[in-house]
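Trainee: Chains as they are written, first to last, in my numbering: chain X, 1 to 386; chain U, 1 to 386.
No lab work stands behind these hints: they were computed from the structure.
Mixed in with the good hints, there may be bad ones.
[Stated by the list, open to error] Here are the computed distance ranges between Cβ atoms for each label pair:
no.	chain 1	residue 1	chain 2	residue 2	range
1	X	K277	U	S174	51 to 57 Å
2	U	E179	X	W187	38 to 44 Å
3	U	R22	X	I278	36 to 42 Å
4	X	P217	U	E73	46 to 52 Å
No residue lacks a Cβ here, since even glycine has one placed at the ideal position from N, Cα and C.
There are 2 protein chains.
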Amino acid sequence: MKKIAILGSTGSIGQQALNVIRAHNARFRVVGLAGGKNLKLLEKQIKEFQPEMFYSSVKPDFAYKGEFLSMEEIASHPEIDLVIIATSGKAGLSPTLAALKVGKTVALANKEVLVMAGELITREASFHQTQILPVDSEHSAIWQCLRGEESNPRRVFLTASGGPFYHYSQPQLSKVTVEQALHHPTWKMGKKVTIDSATLVNKGLEAIEAHWLFALPLDSIEILIHPQSIVHSIVEFVDGSIKAQLSFPDMRLPIQYALCYPERLPSPELPHLELSKIQCLNFEPADQNRFPCLKLAMGAGRQGGTYPAVLCAADEVAVELFLNRRISFIDIAKIVQETLEQHKSIAQPSLEEILAADAWAREYARRSLPCHCEEHKRQSTLSIGK
Amino acid sequence: MKKIAILGSTGSIGQQALNVIRAHNARFRVVGLAGGKNLKLLEKQIKEFQPEMFYSSVKPDFAYKGEFLSMEEIASHPEIDLVIIATSGKAGLSPTLAALKVGKTVALANKEVLVMAGELITREASFHQTQILPVDSEHSAIWQCLRGEESNPRRVFLTASGGPFYHYSQPQLSKVTVEQALHHPTWKMGKKVTIDSATLVNKGLEAIEAHWLFALPLDSIEILIHPQSIVHSIVEFVDGSIKAQLSFPDMRLPIQYALCYPERLPSPELPHLELSKIQCLNFEPADQNRFPCLKLAMGAGRQGGTYPAVLCAADEVAVELFLNRRISFIDIAKIVQETLEQHKSIAQPSLEEILAADAWAREYARRSLPCHCEEHKRQSTLSIGK
Chain X
1 MKKIAILGST GSIGQQALNV IRAHNARFRV VGLAGGKNLK LLEKQIKEFQ
51 PEMFYSSVKP DFAYKGEFLS MEEIASHPEI DLVIIATSGK AGLSPTLAAL
101 KVGKTVALAN KEVLVMAGEL ITREASFHQT QILPVDSEHS AIWQCLRGEE
151 SNPRRVFLTA SGGPFYHYSQ PQLSKVTVEQ ALHHPTWKMG KKVTIDSATL
201 VNKGLEAIEA HWLFALPLDS IEILIHPQSI VHSIVEFVDG SIKAQLSFPD
251 MRLPIQYALC YPERLPSPEL PHLELSKIQC LNFEPADQNR FPCLKLAMGA
301 GRQGGTYPAV LCAADEVAVE LFLNRRISFI DIAKIVQETL EQHKSIAQPS
351 LEEILAADAW AREYARRSLP CHCEEHKRQS TLSIGK
Chain U
1 MKKIAILGST GSIGQQALNV IRAHNARFRV VGLAGGKNLK LLEKQIKEFQ
51 PEMFYSSVKP DFAYKGEFLS MEEIASHPEI DLVIIATSGK AGLSPTLAAL
101 KVGKTVALAN KEVLVMAGEL ITREASFHQT QILPVDSEHS AIWQCLRGEE
151 SNPRRVFLTA SGGPFYHYSQ PQLSKVTVEQ ALHHPTWKMG KKVTIDSATL
201 VNKGLEAIEA HWLFALPLDS IEILIHPQSI VHSIVEFVDG SIKAQLSFPD
251 MRLPIQYALC YPERLPSPEL PHLELSKIQC LNFEPADQNR FPCLKLAMGA
301 GRQGGTYPAV LCAADEVAVE LFLNRRISFI DIAKIVQETL EQHKSIAQPS
351 LEEILAADAW AREYARRSLP CHCEEHKRQS TLSIGK
């Protein structure tokens, strides 16, 4: 029995991880659950899975016999074998480090952890000889394609559905509503990730994550638009042979793969893909110019230092402003760009320096709320185009 | 330095294997070459690669210092590490057995070896703990997808281009000329294999080969029409995850993979596949009713015994008759069907029994040359339809 803790159990990935565990309840025992503000759901999960320890970001309004611990304490607790980091934003950073430092296997769904602190995190994992198992569908695909291979890949293609607006013109993009942006064509995900998919910043973050997870140069990672979301990523080897991993877009598959690895378990709940019914798989190169957030993310990844942390923070603020209808869809890129441009990066940053850059970027991004008078609009367009 | 012998070096696969070896000449040494009747080409290859031993099916008309040995002697010679069986039809059977019995690694491109004698061959390989490495692009794809995996696949999809006539109607198929049939849309191959691709019998043979190579039940092997010949085969695991192997259709890749395994070597000669330029990959289920040779082959595989050997022999005779313009394209299936129907199969056959079934089938198929008078035409159509 693998003893599991889930940080972020009330989020989309956390709930699906519990579905997987429920389907294989003879294999796994949930010993720790950490939720955010959705106490009602957390209480329900706790009642069902009876973990020894729990956490919530707000004071719980229910009584439970288990121990209330911090996320760091849960992630590094002697009782657990594997911790699923299903938090979002920077919340997963410190618990991931805590887990790695005591040699716990980490199943990572919180991509910002590696984007913000990839160097630090991979150094700790390597020093303590612990494994970081990817949970994102794209990274799980790469991991599956690399299984048993001895040589490094020549190129990796991260597939992107392109989101709901991939064929929109610039004027169309400027009129996108929150409701339209939250309607992803192929994946059901949390709000933040759905907006990040629509701006394509998500693929930039995933490229940085892949760079750290698989020790790949960023220039060997390409983004490929694949509207069907059936091929989750593609690996090309030095001999020109290519492997791809395919499935219906359902996060329970990569979650189960990480939890069961190296085993593969049958799962009656997971849908079978019939390729003969899919009929056609399309691919086209990603246009970074029409989706500036992707270009900004790839640039921040290449520059390294605290730039990727600033990218994450500015994007989080901008997406929140968009969801609160304070800015337009195309303003997200403008805020991220301006924040990155104003940042003074630090090379090989410590956790404190990363968190300081994050705090600075949040403050800066919040204040850089774009003015929609004609003069500023014109300037912003010039700035984006350069 | 791996010491290699190539049986069938003057054929299409043999020549491409020598191309691969030429591109990596610090890795491999050719110690044996065996050719058929093309003495001019064999002499040229011998002059270039200077093997210690050689063979030709007709008396050589050139002088060479190396030893003239039988294919069985070359395949089992103490000097060699790996033998490439690139012969065709039943010619590879006895040398493969000879190689396996002394523990040589066999790279198998002659699919009839496993189709005719899969049970015998895999038993010998398992008893002598020797490896049979697939060279066919489809089987190489399956092998690459299974690399590092611990569990058996749930399903395997062998892809087929469908050949030049996949969308032809029955009346169109009856008028197909030799020239049309020899013009394969995506692969450059020998004549026999090209016709076998057009009748789709080839996919049936490959399904039987995959069944033996990877210990897969025949019912877990499905044929998928994929006109672009980019995805070479697809493996589905018990968790619903699917892996596919892709590349430009170029036999040098699977040949090199088998020769270098477990390493992957860069090869400047092999073309890079740009998925963003391919744009679309199509799939559709194979229609066994319109291509009766495929249905006959799958049936022979399921029945086992000496049926698959009879299938190979009858098909070889029928294809030869077609190439010699003695019968029409749709007569190939009629001859194969009639020969299979008249055969009395033997379970768990010995090599002798397999060769006897082969001889019987050749004789029967040659005599069953369909009569093209109206009465027989009508009967043949009825027979095929049942």
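Trainee: Each hint: holds or not?
Mentor: How the hints compare with the structure:
1. Evaluation of the 51 to 57 Å hint for X/K277 and U/S174 yields a failure: the beta carbon distance comes to about 31 Å.
2. For U/E179 and X/W187, the Cβ-Cβ distance of about 50 Å falls outside the hinted range of 38 to 44 Å, so the restraint is violated.
3. For the hinted restraint 36 to 42 Å between U/R22 and X/I278, the CB-CB distance of approximately 40 Å keeps it satisfied.
4. Taken as a hint, the range 46 to 52 Å holds for the pair X/P217 and U/E73, whose Cβ atoms sit roughly 50 Å apart.
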